[in-house]
Amino acid sequence: MSGKTLYDKLWDSHLVRQDDDGTALIYIDRHLVHEVTSPQAFEGLRLAGRQPWRTGSILAVPDHNVPTTDRRAGIADPVSRVQVETLDRNCAEYGITEFSMLDPRQGIVHVIGPEQGATLPGMTVVCGDSHTSTHGAFGALAFGIGTSDVEHVLATQCLILKKTGSLLIRVDGALAPGVSAKDIVLAIIGRIGTAGGTGSSIEFAGTAMRSLSMEGRMTVCNMAIEAGARAGMVAVDDTTIEYVAGRPYAPKGAQWEQAVSGWRDLHSDDDASFDRSVSLDASSLVPQVTWGTSPEMVTGIDGVVPDPDNEPDSVRREGMRKALAYMDLQPGTPITSIRPDHVFIGSCTNARIEDLRAAASVIRGRTVHPGIKQALVVPGSGLVKQQAEAEGLHTLFLEAGFEWREPGCSMCLAMNADRLQAGERCASTSNRNFEGRQGQGGRTHLVSPAMAAIAAVTGHFADVSKEPA
Amino acid sequence: MDKFDTFTGIVAPLDRPNVDTDAIIPKQFLKSIQRSGFGPNLFDEWRYLDHGEPGKDNSARPLNPDFVLNQARYRDASILLGRENFGCGSSREHAVWALLDDGFRVVIAPSFADIFFNNCFKNGVLPVVLPAATVEALFAATTATPGYALRVDLQAQRIEAPGLDAIGFEIDPFRKDCLLRGLDDIGLTLQHADAIRAFEDRHRQAAPWLFNKP
Numbered sequence: 000m001s002g003k004t005l006y007d008k009l010w011d012s013h014l015v016r017q018d019d020d021g022t023a024l025i026y027i028d029r030h031l032v033h034e035v036t037s038p039q040a041f042e043g044l045r046l047a048g049r050q051p052w053r054t055g056s057i058l059a060v061p062d063h064n065v066p067t068t069d070r071r072a073g074i075a076d077p078v079s080r081v082q083v084e085t086l087d088r089n090c091a092e093y094g095i096t097e098f099s100m101l102d103p104r105q106g107i108v109h110v111i112g113p114e115q116g117a118t119l120p121g122m123t124v125v126c127g128d129s130h131t132s133t134h135g136a137f138g139a140l141a142f143g144i145g146t147s148d149v150e151h152v153l154a155t156q157c158l159i160l161k162k163t164g165s166l167l168i169r170v171d172g173a174l175a176p177g178v179s180a181k182d183i184v185l186a187i188i189g190r191i192g193t194a195g196g197t198g199s200s201i202e203f204a205g206t207a208m209r210s211l212s213m214e215g216r217m218t219v220c221n222m223a224i225e226a227g228a229r230a231g232m233v234a235v236d237d238t239t240i241e242y243v244a245g246r247p248y249a250p251k252g253a254q255w256e257q258a259v260s261g262w263r264d265l266h267s268d269d270d271a272s273f274d275r276s277v278s279l280d281a282s283s284l285v286p287q288v289t290w291g292t293s294p295e296m297v298t299g300i301d302g303v304v305p306d307p308d309n310e311p312d313s314v315r316r317e318g319m320r321k322a323l324a325y326m327d328l329q330p331g332t333p334i335t336s337i338r339p340d341h342v343f344i345g346s347c348t349n350a351r352i353e354d355l356r357a358a359a360s361v362i363r364g365r366t367v368h369p370g371i372k373q374a375l376v377v378p379g380s381g382l383v384k385q386q387a388e389a390e391g392l393h394t395l396f397l398e399a400g401f402e403w404r405e406p407g408c409s410m411c412l413a414m415n416a417d418r419l420q421a422g423e424r425c426a427s428t429s430n431r432n433f434e435g436r437q438g439q440g441g442r443t444h445l446v447s448p449a450m451a452a453i454a455a456v457t458g459h460f461a462d463v464s465k466e467p468a
Numbered sequence: 000m001d002k003f004d005t006f007t008g009i010v011a012p013l014d015r016p017n018v019d020t021d022a023i024i025p026k027q028f029l030k031s032i033q034r035s036g037f038g039p040n041l042f043d044e045w046r047y048l049d050h051g052e053p054g055k056d057n058s059a060r061p062l063n064p065d066f067v068l069n070q071a072r073y074r075d076a077s078i079l080l081g082r083e084n085f086g087c088g089s090s091r092e093h094a095v096w097a098l099l100d101d102g103f104r105v106v107i108a109p110s111f112a113d114i115f116f117n118n119c120f121k122n123g124v125l126p127v128v129l130p131a132a133t134v135e136a137l138f139a140a141t142t143a144t145p146g147y148a149l150r151v152d153l154q155a156q157r158i159e160a161p162g163l164d165a166i167g168f169e170i171d172p173f174r175k176d177c178l179l180r181g182l183d184d185i186g187l188t189l190q191h192a193d194a195i196r197a198f199e200d201r202h203r204q205a206a207p208w209l210f211n212k213p
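Each protein sequence line maps, in turn, to chains C and Z.
Start counting the first sequence at 0; every next residue gets the next number (numbering that gives the first Met the number 0).
Start counting the second sequence at 0; every next residue gets the next number (numbering that gives the first Met the number 0).
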């Protein structure tokens with residue numbers, strides 16, 4: 000019998016019961032909650048006369064709707080305000096821990112969970128948000144759920160699931176300077192497609208993954224959902240344990256020793272077998288830029304906008320044509336000649352301290368190009384913002400002509416006031432380049448923080464790996 | 000949740016791959032704290048020529064004549080025919096609520112994104128996965144025949160498609176049973192409350208740090 004994958008281990012250690020057809024009840028350790036996908040779940044619970052099973056499993060934070068400008072006057076948009084107040088009320092009613100909008104720990108739910116040690120190795124973590132896959136970076140089983148399942152977890156502490164297939168993605172080799180975790184995951188999605196992980200849980204492995212910091216691993220796992228996977232994960236190693244140590248909600252003392260000894264087993268066994276596997280050579284990777292309206296529509300900075308006429312599949316060809324029309328791009332256009340109007344550095348993909356440092360190191364001593372209408376930095380949490388300010392990064396950004404904002408999801412999905420106007424083009428460190436994602440008619444190019452920064456100062460996409468160090 | 004047994008409806012073809020949930024229901028409508036009322040804003044950015052906002056009178060907005068669901072022959076459609084990776088992106092269940100609110104009870108595609116697929120079952124919407132060639136044949140039949148309708152028989156796992164051989168489809172037995180009986184799966188899970196408590200006790204013994212309250 001072959002050994003277990005990391006996914007097998009996480010599944011088995013949370014299995015409450017299983018039917019003969021494989022339908023299982025899986026216990027959920029951590030339930031992260033935000034304001035957009037929870038109100039109907041709390042309301043459903045109330046209407047059915049049920050109580051939350053274990054409020055101690057829940058950490059709540061408003062992030063999608065919150066303004067990133069001065070918040071002391073509250074939220075101007077009355078509809079957004081009601082939604083955030085509804086979260087506050089639900090948390091107060093049930094005694095749920097919430098970092099409310101003015102709490103210095105408030106931030107994007109997928110940034111604050113790890114930052115607080117509320118995300119731990121070996122956990123099952125869910126949230127009514129597709130980017131919950133982020134937390135898999137800790138050797139956790141983490142995935143997004145819909146609102147009905149938010150209610151299901153509130154009421155039962157479990158989910159009804161069937162086990163997915165397993166996909167091993169090995170990334171080996173050393174990244175060139177200026178090439179980052181974001182480029183790895185964009186290249187993976189470009190290779191396997193946005194449905195390449197459908198029906199699977201992905202384990203990211205290989206020397207390049209091992210060399211990434213926890214923040215880099217989170218960036219990769221964050222976009223596992225963009226490859227269609229239920230979850231993405233990385234095995235626990237010293238990097239994981241060092242990151243978790245000392246976090247506010249991490250175990251302490253004897254509990255810490257006991258926990259670490261268990262976490263050391265959170266890796267796939269040497270003889271584990273996967274349903275599928277894919278390999279990527281990190282050493283040949285160049286910075287990536289998306290050109291279309293799906294994250295799989297991506298190429299290297301040295302590439303050109305592809306020609307739909309060269310696509311043999313008719314459905315894909317038509318999809319490319321629609322994408323190029325929406326993006327207002329011609330086949331054959333060099334990526335380096337594309338000029339964004341906006342630059343957005345933020346989101347649960349790339350708004351952690353290392354992301355801000357990477358961007359800041361590119362702009363140091365330079366200024367935002369006059370062709371750029373707006374360049375925004377939106378830190379992932381209040382604590383990331385504090386840290387950046389302690390390092391003086393905000394001064395670099397502000398002096399270069401960036402705006403330095405309060406934490407939240409912001410222009411990643413444009414639910415608050417931060418959004419593109421129709422026809423505007425954005426170099427964005429976020430995760431989705433769908434039509435209208437950053438504002439109706441807006442055009443998104445997904446890039447790493449360093450690539451967003453160099454686009455801001457040069458006015459066009461440029462190869463940050465060619466920059467003098 | 001309404002039961003689902005057999006369903007007959009007009010088919011509307013949405014001929015593009017990777018239809019994401021941002022397209023199905025744009026973000027500004029997610030500010031609602033209700034489960035209903037999303038129907039008029041289904042595919043809002045494709046459906047209307049102007050920008051939609053919550054509270055706007057949708058009946059007064061200019062329709063995009065090029066969008067397929069605005070064509071008279073598809074106005075009463077209740078079965079949506081899509082392409083690969085339907086429902087990708089955001090986990091927002093509002094996408095399924097919007098489809099349901101606009102009258103759709105069945106979505107047929109060669110593949111679905113995982114969270115959207117799951118959300119459908121929670122709301123009495125049947126997502127049917129069919130081979131790409133079968134979907135292609137349905138696109139051809141739908142566009143060739145105004146008023147083209149399908150009869151979907153969930154119990155028999157069969158679709159009657161005029162002009163084509165009857166189409167069988169696969170469905171998870173548990174999900175099929177929930178749809179047929181209109182079951183609330185929270186109620187089903189709570190029948191195992193003792194097993195959950197017993198697991199929780201063992202889990203707490205083995206890994207007490209998982210139970211530290213944030």
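Bear in mind the hints are in silico, worked out from the structure with no lab data behind them.
Accuracy of the hints is not assured; some may be wrong.
A short list of chain C residues far from chain Z (calculated; beta carbon distances all over 10 Å) [unchecked claim]: (1) 11; (2) 93; (3) 99; (4) 171; (5) 198; (6) 227; (7) 237; (8) 240; (9) 249; (10) 285; (11) 338; (12) 353; (13) 400; (14) 457.
Reference listing, derived: stretches of chain C covered by chain Z, where coverage requires no fewer than 3 residues with Cβ under 8 Å from a Cβ of chain Z [as the list claims (entries may be wrong)]: (15) 37-46; (16) 147-159; (17) 211-219; (18) 253-261; (19) 460-467.
Once the Cα atoms are required to be at most 27 Å apart in a straight line, the calculated DSS-like pairs of lysine-lysine come out as [unchecked claim]: (20) C/161 to Z/175; (21) C/162 to Z/175; (22) C/161 to Z/55; (23) C/3 to C/161; (24) C/162 to C/3; (25) C/251 to Z/175; (26) C/372 to C/465; (27) Z/175 to Z/2.
Even for Gly, the Cβ is constructed at its ideal location relative to N, Cα and C.
Against the structure, the hints:
1. 11: Non-interface label on residue 11 of chain C holds, nearest chain Z Cβ at 12 Å vs cutoff 10 Å.
2. 93: 13 Å, holds
3. 99: 14 Å, holds
4. 171: Holds, because the least Cβ-Cβ distance between residue 171 of chain C and chain Z comes to about 28 Å, which exceeds 10 Å.
5. 198: 7 Å, violated
6. 227: 6 Å, violated
7. 237: 19 Å, holds
8. 240: Residue 240 of chain C is indeed farther than 10 Å from all Cβ atoms of chain Z, at 13 Å.
9. 249: 8 Å, violated
10. 285: Nearest chain Z Cβ is 25 Å from residue 285 of chain C, so the label holds.
11. 338: 24 Å, holds
12. 353: At roughly 24 Å from the nearest Cβ of chain Z, residue 353 of chain C sits farther out than 10 Å, so the non-interface label holds.
13. 400: 28 Å, holds
14. 457: 30 Å, holds
15. 37-46: holds (count 3)
16. 147-159: holds (count 9)
17. 211-219: Violated, because only 0 residues of the region 211-219 of chain C bring their Cβ atoms closer than 8 Å to Cβ atoms of chain Z.
18. 253-261: holds (count 5)
19. 460-467: violated (count 0)
20. C/161 to Z/175: 14 Å, holds
21. C/162 to Z/175: 18 Å, holds
22. C/161 to Z/55: Roughly 41 Å separates the two Cα atoms, so the pair is violated.
23. C/3 to C/161: 17 Å, holds
24. C/162 to C/3: With Cα atoms ~14 Å apart, residue 162 of chain C and residue 3 of chain C stay inside 27 Å; holds.
25. C/251 to Z/175: Distance ~46 Å between residue 251 of chain C and residue 175 of chain Z Cα, so the pair is violated.
26. C/372 to C/465: Holds: residue 372 of chain C and residue 465 of chain C sit about 25 Å apart, inside 27 Å.
27. Z/175 to Z/2: Holds - the C-alpha atoms of residue 2 of chain Z and residue 175 of chain Z are around 10 Å apart, at most 27 Å.
Comparing the model with each earlier hint shows violations of hints 5, 6, 9, 17, 19, 22, 25; every other hint is respected.
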